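Based on the sequences and whatever the hints tell you, model everything.
Going down the list, the protein sequences come from chains A and X.
If you count the first sequence from 1, position 138 lands on 138 in our numbering, and the numbers rise without skipping.
If you count the second sequence from 1, position 270 lands on 1270 in our numbering, and the numbers rise without skipping.
Among the clues, some could well be false.
Calculated lysine-lysine pairs in the BS3-like style (CA-CA distance at most 27 Å, straight line) [unchecked claim]:
no., chain 1, residue 1, chain 2, residue 2
1, X, Lys-1039, A, Lys-88
2, A, Lys-88, X, Lys-1040
3, X, Lys-1040, A, Lys-97
4, A, Lys-11, A, Lys-126
Chain X regions said to be covered by chain A (calculated; three or more residues, Cβ under 8 Å) [unchecked claim]:
no., region
5, 1022 to 1033
6, 1042 to 1049
7, 1298 to 1307
Everything labelled a hint here was simulated from the structure, so no lab data went into it.
Keep in mind the model is a prediction, meaning the values are calculated, not measured.
The beta-carbon is built from N, C-alpha and C at its ideal position, and this holds for glycine as well.
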Amino acid sequence: MLNLTLLDGQKFQITIQRLCRQLIENHNDFSESVLIGIQPRGIYLARRVAEELRKILPDSNILQGDLDITFYRDDFRRRDQLVPNQTKIDFIIEGKKVVMMDDVLWTGRTIRAAMDAMQAFGRPEKVELLALVDRRYSRHIPVAADYVGIEVDSIASQKVVVSWKETDGEDKIILLSEVK
Amino acid sequence: MAGLSTRHLLGIKDLNLEDIQLIFETADTFKSVLNRPIKKVPSLRDVTIANIFFENSTRTRLSFELAEKRLSADVVNFAASSSSVSKGETLIDTVNNILAMKVDMVVMRHPYAGAGIFLSKHVNAQIVNAGDGAHEHPTQALLDAFSIREKYGDVAGKKVVIVGDILHSRVALSNILCLKQLGAEVMVCGPTTLIPKYIGTLGVKVEHNLVKALNWCDVANMLRIQLERQDIKYFPSLREYTMLYGLNKRILDSLDKEIMVMHPGPINRGVEITSDVADSRQSVILEQVENGVAIRMAVLYLLAGQTP
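Written out as structure tokens, the structure is:
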């Protein structure tokens, strides 16, 4: 395995900060907006963004939830058992602007499943997508992110892994390549 | 991620501790799905399930059917009483004919013990046992243990007494196996004639005095007297049975602790349990029914998800 660090340290922090500022441009004080992280890895991004937004906007009420999409995936019975994670959305999304967040946007299938899953919680006014990493030119379905941390050109055999200070000890985006 | 260790759910006998824990964890998620405004998920949209019932059922059949529909499976129902079985068709022929219509899973209840196991050896579909004679009723045992876990946080170390017609009860056997796997202590209580002779080999205590049993336990699971399976008289009269083994408010209030009261249904009110107990705060009978759908969704989801 060959590891290439794409983003870490202060640059990582700046990227998160920039995404927060872009969100504020469109969502003002977040009174009509909610943040939803997609399980399993998108929830750390959503939590971090929510935390930063609370620092920038101390008076506003930032709502953030976790969404599990296991039951909505389109590869059920096509790969090994998919064990569900927890969904925790304790607010109403009906009529709200929803910002869905995932760490890596790749084929787009996860996002399709997430849009399906979200319907069980009401009809949002608008849905946007924030991805920390956009693996360009690899989409299987027509999905695009509204907010992108970094864009990465990669091939299918490579992997992009985002690690977080809270769970993995360090904020970092790595590109893993298999060495033949 | 590891799935279930078995391709069919024929009995608790086939499940190991990890399987049971996996079913519980999956059922937790489905329980939260069932409390959403939209209770349906699309997981099993390309799966067809046949519910084949050779014996009467209300709860189990409805519960399975709801679980299947909430998972978006296609469902066909079949009741033996209104079918060609009465014209002399064999079990394998009946099921193979149903499978020829491209059915992936079969949920079956049958009056003979081992019918599910027999079928699993002869047909090419996943079988879920919804009760086979006096043998096993695995989903009932899972939902009972799940209800205890929900109330007490854990099943291990809990004392559970099963009261009533142990001899003819598939719920009793599955419950004993499931609770023992999870580390609970189990006691059976009933008239000598309704306790199987070799029940001790399952590692359960036997008690013939209801009050003593209730004083020992944390959970009492009250079973129905299965008159339809009793070919001879096992006790002089129902009235006498009720006097000795019926749970009423007076006995419940005389205990020095608050126990949890369960019943797999159908209830014969005034026989094994009085109405005021069945409807009391200590009874979790309706919670059991609610959990039944979540448990069955988990079982069907985990079985169907196995890659062929």
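Tested hints:
For the hint linking Lys-1039 (chain X) to Lys-88 (chain A), the alpha-carbon distance of about 15 Å falls within 27 Å, and the restraint holds. For the proposed pair Lys-88 (chain A) and Lys-1040 (chain X), the alpha carbon gap of about 17 Å is at most 27 Å, so the pair holds. For the hint linking Lys-1040 (chain X) to Lys-97 (chain A), the alpha-carbon distance of about 23 Å falls within 27 Å, and the restraint holds. Under the criterion of a C-alpha separation no larger than 27 Å, the hint pairing Lys-11 (chain A) with Lys-126 (chain A) is inconsistent with the structure, at around 30 Å.
With a threshold of 8 Å between beta carbons, the proposed coverage of the region 1022 to 1033 of chain X by chain A holds, since 6 of its residues qualify and at least three are required. With 5 residues having a beta carbon nearer than 8 Å to a beta carbon of chain A, the region 1042 to 1049 of chain X meets the requirement of three or more and the stated coverage holds. Only when three residues or more bring their CB closer than 8 Å to a CB of chain A does the claim for the region 1298 to 1307 of chain X stand; here the count is 6, and the claim holds.
Hint violations for this structure: number 4 only, all remaining hints satisfied.
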